[in-house]
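Number of protein chains: 4
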Amino acid sequence: MHFFSDNATPVSPSVFAAMQAADREDHGYDGDAWTARLDSAFSDLFETPVSALWVATGTAANSIALACLCPPYGAIIAHEEAHIAVDECGAPGFFTHGAGLMTLPGEGAKLTPDVVSARLKTIRADIHQSPARAISITNATEYGLVYTPAEVAALGIVARDHGLGFHMDGARFANAIAHLGCAPADMTWRAGIDALTFGCVKNGGMAGEALLFFGPGHAARAAEAARWRKRSGHLLSKGRFLAAQILAMIEDGLWLDNARAANAAARSLADGASGRLLHPVEANEVFLRLSPQEAAGLRAQGFDFYDWGEGAARIVTNWSQDAACVAPLARALNALAHG
Amino acid sequence: MHFFSDNATPVSPSVFAAMQAADREDHGYDGDAWTARLDSAFSDLFETPVSALWVATGTAANSIALACLCPPYGAIIAHEEAHIAVDECGAPGFFTHGAGLMTLPGEGAKLTPDVVSARLKTIRADIHQSPARAISITNATEYGLVYTPAEVAALGIVARDHGLGFHMDGARFANAIAHLGCAPADMTWRAGIDALTFGCVKNGGMAGEALLFFGPGHAARAAEAARWRKRSGHLLSKGRFLAAQILAMIEDGLWLDNARAANAAARSLADGASGRLLHPVEANEVFLRLSPQEAAGLRAQGFDFYDWGEGAARIVTNWSQDAACVAPLARALNALAHG
Amino acid sequence: MHFFSDNATPVSPSVFAAMQAADREDHGYDGDAWTARLDSAFSDLFETPVSALWVATGTAANSIALACLCPPYGAIIAHEEAHIAVDECGAPGFFTHGAGLMTLPGEGAKLTPDVVSARLKTIRADIHQSPARAISITNATEYGLVYTPAEVAALGIVARDHGLGFHMDGARFANAIAHLGCAPADMTWRAGIDALTFGCVKNGGMAGEALLFFGPGHAARAAEAARWRKRSGHLLSKGRFLAAQILAMIEDGLWLDNARAANAAARSLADGASGRLLHPVEANEVFLRLSPQEAAGLRAQGFDFYDWGEGAARIVTNWSQDAACVAPLARALNALAHG
Amino acid sequence: MHFFSDNATPVSPSVFAAMQAADREDHGYDGDAWTARLDSAFSDLFETPVSALWVATGTAANSIALACLCPPYGAIIAHEEAHIAVDECGAPGFFTHGAGLMTLPGEGAKLTPDVVSARLKTIRADIHQSPARAISITNATEYGLVYTPAEVAALGIVARDHGLGFHMDGARFANAIAHLGCAPADMTWRAGIDALTFGCVKNGGMAGEALLFFGPGHAARAAEAARWRKRSGHLLSKGRFLAAQILAMIEDGLWLDNARAANAAARSLADGASGRLLHPVEANEVFLRLSPQEAAGLRAQGFDFYDWGEGAARIVTNWSQDAACVAPLARALNALAHG
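Protein chains in written order, with the working numbering: chain A, 10 to 348; chain B, 10 to 348; chain C, 10 to 348; chain D, 10 to 348.
Some hints could be false.
Where chains are identical, the list cannot tell them apart; a pair therefore holds if satisfied intra-copy or between any two copies.
[Said to hold, decoys possible] Only pairs whose alpha carbons sit at most 20 Å apart, straight line, appear in this in silico SDA-like list of lysine to any residue:
#1 K130 x E89
#2 K130 x A321
#3 K130 x V95
#4 K130 x P114
Keep in mind that the hints were calculated from the coordinates and are not lab data.
Turn these sequences into a full structure, and let the hints guide you.
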């Protein structure tokens, strides 16, 4: 049983069915009937007018968002372990034409207003220093923690006060919302978010992520983003298949159902591994202390996962699992704990 | 009946079936079993060791290829109506970090050795001028003509003599090969091609094109291309679905079957429209003189297509058609001609 | 006697004297007393509020101007023999992050409204094509012709009607104004010019060109340009020496005196070479038919210049010459003509 | 008396004289007699074949060097307070087309092999992470400390072992060498340095810095650097004036004479301020604790300098000073200390 990543799982059956339903001639690129529904579907979900674009990957969505929020001479504030900082091979630098990442520390891969504000104070206002122009946070974070709407809003105030664009990498946005049960609006535009990478692939999609823009100017930003999408080779000619995947996710609540299953599976593993956890388990990732011997023992039982540095491991659950499904691993972890 | 573009057609059934077969957990990104087969499958097809990468669009494949062949200060020779010059919103400039396109005229969107050589002579060897570093041709061309292996090889000699990389945009490579019946090898590396965009989407795929590198250094170039793929957000996490599409195309000859059908359909329309043709019909595109009244008449009969400037139209056939299928339009064209 | 280029001439004595006068401690970068005078000095000269920045080269001035006028996905309309197109090794592509040059033909390296308008009509308004966003012209042109204010204004109307920024590369702006005797304002902002590269180096400077912004928003554009200047390494720490050079040029009319001398020298050569001229001689460049034997003969007499293709030559005069000074060459040309 | 920066001082008289001597017609760009002497002059100074290019600023030299050492998808290791990281408004990101800076802490703005090696260990070798490709250090550092040849060599071994290019920002290289009295070769290529920004402007030049390449492949790297120089607008047409400045610096030992004077002045101030120093004073910068009241008191006596955060100040001496010249400030500092 694989717990490497939610990245490589199968496609949720109704997503696949939606692609089959879209398998008929329509206008190319983003001129089709499915794409035409995206804005309104997301506007409903977020209770505000939204401009939405599909792209094939989260890296593309993140990078295009940042290119719209930060000029080439600016800097983007992000956590030092953010996906955009450590796992995208410099894609934000490519799309922004060289804007720098200003990375900051923080428990559980979370940024805090204090740390951000303190860093902002160190930037001189002269021409020699890159001005910060955007903040990007990941929710759920790279360590499986969830920012609350209040935490996001506190950062949103810092962003607003300093004239910074505010982006959320929501590769696991569904898991965050499923954990809190709050309104997507509360987590995003009401808290100051300008652009959201709304992840679907980790949550049962095949290849479609949505990039959403909120607030005044959202349509103009989306128009600019559409230029970047084309220019970066991300305007698929049969884009209806991406739109169909995304609609299948959000129109009937599949995105939350899937995220709840993955979260429950992680919760169950966390219960089995109490005392070993490196971070609270709030979404679908479990980081725990695990000796090489223990890891080898689990692998010998057929459980696969990544080591996370020395003496630790990362276990990721996904939409196709639930608590029952991962019970064998939960028991194995529990047995270790008492072994 | 739509004849807008082969770009927006449904997916070939066996391609869809291949995606379903790939719908199980495997390693993410390009670590899966399908991707692992790409190099050897293409090496078989091209009778030489090939390095192959999947990407989601032809624009991405073209741009990554050019980024590998041309430095930022160099120039890329292309036809003035090449897709890379007029339909990619500057993507080659983005991926190459600013390399220029040196566009040249030519009948039927074909470059010729004479025109290329004459242009090369005008470039001074000093530091003030961008040196040409690559040639890119499209086969079949944007006007539906097919370069023969001899024509490609003649350009290949120019490229070699001037130290230029040589790229072929094969968005409709299958249609070109189906037209000539020659070996893919003869059309490409034996004629000096270093990098090929092997198109699948127009030919029945959903979202996967292959970027192939040939010749000495192909593996090193592919390794560099893999960096650009990641950095441009084109490394899909469930890349196996792209690999599976491409394998379904090439492992059992589907690519040629589909292209033959589309070509036959175009041939049939060309026969119906003899006397009106603006270009010989060699692949799956028909460019013909058509008055506004005639165009309106055809549209009234349910045939849709794009105008091509004033008094002309472009009709594109696709894999899902054949001569029988397009017979109504062939008859309608024929009726016009004699009307 | 050298007639290679006005590019490599000595420095005008009063420019050198101004640098010596600036050779005392002041604030670094652009914080000094000389730089502080630039805006008002140019505002006086151009009879309108102007924002001015010094840079070390014309290529930098041109490229920074274009980066402010054209987004990375846009295109810049220029003559196919413009300096930015053929002699800057792709600098505009570098500074604009990949914007393309849309080059057009025209007699004497001049763009005309008809040719520009016709090209603009061919650009579809969709996302696949790079939209034109700027026009750049050179005055005096690369062939030594001078656009009149009316000619510039006619292009300015095209620019305004299509929402294009309008840039003038004035590497030899002084020669153009000296030729016409018109107001600098008439040639620039009154004719729709948004940004001007005001050349000094060819006209007797050592290393300073001015980049000027006109019209509504000029200060905001200059502020953005200042970012590009810093980011491209063009914010010299002892910038006062550049400012001092430029002020020495414009504050006492030296720029026009020098240009008049160079123009008169060229006029004198043109008179000597009547019947051989390839272009009217309006500024300080003479293009003429010259057989290899004739060229060799002139060189044997000590006159040096560049061949210009086969059977032709380019002779450039400069500020340090005048009609008397170049009389020997004028006589030698005349002798050839009657030889 | 100003102690803001060595950046804004007058020009050393013999440098000015050299410019005057160069004020006669010669070939343009880098084709002149002065430029032709640069390689051999630096080869003599560094006891090895060197390729040298002039540019107008240190930012340009640093950025071009880094563009030659690091691909766009790579990362550059630098101190978190390095000039390239905090004072160039993202210029390295611009020239490298988006390569990231991987900044690290270290006492006195020095990198150490341990810190660098530890960071390198955290980079996975997969495609998702930007590989480190270069190290850049500043000598003397931003806090006026000097790396010894042994310290540089220890970092050079790390660079070599990991296949990293090794760049030294020598904006104050002369001050470092003057402090140690060692051979320039020992500080650079013998210690593994591939590229050096050899600063002249802070040391009495007007506008010329030299970019030097050492070791196997130095000429090829310089040829590539020449492309970047042109493309970034840094190929001045009257480049002989930059070459002349640089030659005046190095051909008769002026660079060391000037640096010794500045260092002695700083030493003298440091002696006056003993007990207040934040860093050892090894070059020409003095960082010291200074209360707002004390700072105000010094300024009231006519001494100007920058605050350095709260309760601290930076005093920079320069080539035009010496111990005698700064004695009034030394006394004033000493008086404070005992006040």
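Hints and how they fare:
no. : hint        : result
1   : K130 x E89  : both (18 Å within a copy, 16 Å between copies)
2   : K130 x A321 : between (36 Å within a copy, 17 Å between copies)
3   : K130 x V95  : between (25 Å within a copy, 14 Å between copies)
4   : K130 x P114 : both (16 Å within a copy, 19 Å between copies)
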